[in-house]
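Chain A is already provided as a structure; the job is to place chain B on it using the hints.
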Amino acid sequence: MNQWEVYVNDVKELAEDAEIELTIRTLNAGIHKYTYKRVRAQLSSDLKKHADQLQVRLGRGQLSNSRFSIKVLGEVQRMPAKYL
Amino acid sequence: MAAPRSNREFIEACVKSGDAVRIKQEVDWENEAGAIVRRACELAAPAPFMEKIKDYPGFSYFGAPLSTYRRMAISMGMDPASSLPEIGREYVKRTNGEVVPPVLVDRKDAPCKENILKGADVDLCKLPVPLVHDGDGGRYVGTWHAVVTKHPVRGDVNWGMYRQMMWDSRTMSGAVFPFSDLGKALNDYYLPRGETCPFATAIGLSPLAAMAACAPSPIPEPELVGMLAGEPARLVKCETNDLEVPADAEIILEGEIFPDYKVEEGPFGEYTGYRTSPRDFRVTFRVNCITYRNNATMTISNMGVPQDEGQLLRSFSLGLELEKLLKSQGIPVTGVYMHPRSTHHMMIVGVKPTYSGVAQQIGQLAFGSKLGPWFHMVMVVDDQTDIYNWDEVYHAFCTRCHPENGIHIYRNAPGTPLYPFATPHERKYSIGSKVVFDCLWPTDWDRINDVPTLVSFKNVYPKDVQEKVTSNWTAYGYPPVK
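So the sequence lines, in the order shown, correspond to chains A and B. Note that numbering that gives the first Met the number 0 numbers the first sequence so that position 79 is 78, with each residue one more than the last. Note that numbering that gives the first Met the number 0 numbers the second sequence so that position 41 is 40, with each residue one more than the last.
Since the hints were made in silico from the structure, they are not lab data. Quick reminder that beta carbons are idealized off the backbone N, C-alpha and C, glycines included. A portion of the hints provided could be inaccurate.
[As the list claims (entries may be wrong)] So the derived label-pair ranges between C-beta atoms look like this:
1) His424/B to Val75/A: 21 to 31 angstroms
2) Phe280/B to Gln2/A: 21 to 31 angstroms
3) Trp389/B to Leu26/A: 37 to 47 angstroms
4) Gly58/A to Met376/B: 21 to 31 angstroms
5) Leu26/A to Glu8/B: 30 to 40 angstroms
6) Arg38/B to Val75/A: 34 to 44 angstroms
7) Lys92/B to Val75/A: 51 to 61 angstroms
8) Pro479/B to Gly58/A: 51 to 61 angstroms
9) Asp45/A to Arg38/B: 16 to 26 angstroms
10) Arg38/B to Leu26/A: 40 to 50 angstroms
The following block holds chain A by itself, in its conformation from the complex (with noise of 0.2 angstroms):
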């Protein structure tokens, strides 16, 4: 199991059932912990439904009481081509 962390303003933001893109951070121990990537996922809120887990944080660092399983579908390449 994997634990992510997501910042938004509003957790409305983050709708469940329906592919999203979210910029997510590891909490996995280790030293990459707290680095981010770009990524496709499907949310429950449901904390069983999908075997990674996601806390929120808002907009000034507040952590959020809505918690969320989260099933990773894939990284997203925001960075345009001619710098990969």
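Only chain B this time, still in chain A's reference frame:
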């Protein structure tokens, strides 16, 4: 006492004088190190030198490097007990002296080249990048450092302290404001051409190099370091671009800024004492090479409520640079001071009020200068008010500043997204407002009949009475006055 030439010499000097403590037990890079630094700042305690970091054997942290005037004095090679005006006079003397150009040293003489990571080996997570405050948008690589760039046309070098958050193993994002030197170069040159901007980030600088990177001086930073130190700064060529970086720095990151690609940055605990600026898409730095010293020490500034080095050093240098500017324009200033607790938002200017409108003239010059975006209040007091004594300044403000005639507001000025009072719209577009508090008696008032007399011990009693009372003070039964 000579000024420390490197971060290491500075740590040694601070430990020796009792202005730094060695922490031998293991410290966690996640929050714990940041919390130690924050508490040290809030208590004005010695700087923490953390010698053992969880997950990062061989690395260390040095926190709160310049968050006290004692450590600032040490950084300049002065007696730690030097007063603020003494340190200020020394800064002005050195920065008005002969320019001291840097020297370029060979790679073999540059400690920052002891370890070199290139290509697939580049991974910022190999460095002990701290999570400075719980809830920050990321681990911050650059909190007390210099981002080195060179103007593509003019060729002038810029060292700036632009915060940098680790986004992934090779990417950082940072707050570069549009009015800054780097912001202007990116918007004016690189963005229209679609070219990347070479950069280098130097971490663990000598304290005077950090001071230069933080100071809003018109003197190029490598020369400024030499003038402050009294000897040339030692620079060395980067591995992957043409930039030159301090040879004695602990860690160097080399790479490119992508002007047309931004990633999320923030939120971050800021010098105002708040997390104000929103998480946003900000300037992206791609790291191509990392070089570092053996047993490298990463410097940490933990910004928050007063006082940390951001507030202290920025207040110090902004005030002195404004004093130089005002004097160069013939304004009869007697001193300029920013109290660090104002989080460098309020400039206090002492002046001989010999003509009308001098407070507004000072405000217009201050706000219209390159220094202007960093503060939004100018308080002008007369030369009888001690600008370093907040009790006197506050009394002058509350009693002499006319609520209608003495407050002058300037709208639609440059601002920063970090202003806690700014509206969300103003933060997004770096729009500011400014205010002058004129605490001078109007020059058209009759000096005898209109200007109130200050009722104080020093002002209303004859000298002989003052001397009698002070000499008999303990005889009256009072403890001695320090």
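Check: Per the hint of 37 to 47 angstroms, is the separation of the Cβ atoms of tryptophan 389/B and leucine 26/A within bounds?
Finding: Once the Cβ atoms are compared, 44 angstroms apart, the range 37 to 47 angstroms for leucine 26/A and tryptophan 389/B holds.
Notebook entry, point to check: If you check the beta carbons of proline 479/B and glycine 58/A, does the distance land in 51 to 61 angstroms?
Noted result: Hint holds: Cβ distance 54 angstroms, inside 51 to 61 angstroms.
Note to self: Given the hint of 16 to 26 angstroms, is the C-beta distance from aspartate 45/A to arginine 38/B inside that range or not?
What the structure shows: About 41 angstroms separates the Cβ atoms of aspartate 45/A and arginine 38/B, which means 16 to 26 angstroms is violated.
Check: Taking 30 to 40 angstroms as the hint, is the beta-carbon distance of leucine 26/A and glutamate 8/B inside that range?
Finding: With Cβ atoms ~39 angstroms apart, the hint holds.
Notebook entry, point to check: Okay, glycine 58/A versus methionine 376/B on CB: inside 21 to 31 angstroms?
Noted result: holds, 27 angstroms
Next item on the list: Could you see if the CB distance from lysine 92/B to valine 75/A stays within 51 to 61 angstroms?
Entry: holds, 56 angstroms
Next item on the list: With 21 to 31 angstroms as the target window, see if phenylalanine 280/B and glutamine 2/A comply at their CB atoms.
Entry: holds, 25 angstroms
Notebook entry, point to check: Does the Cβ pair arginine 38/B, valine 75/A satisfy 34 to 44 angstroms?
Noted result: This hint holds: roughly 40 angstroms between Cβ atoms.
Next item on the list: Determine whether the Cβ-Cβ distance between arginine 38/B and leucine 26/A falls within the hinted range of 40 to 50 angstroms.
Entry: violated, 25 angstroms
Item checked: Hint check for valine 75/A and histidine 424/B - Cβ pair distance inside 21 to 31 angstroms -> At roughly 30 angstroms between Cβ atoms, valine 75/A and histidine 424/B fall inside 21 to 31 angstroms, so the hint holds.
In the structure shown, a violation is registered for the earlier hints numbered 9 and 10, in ascending order.
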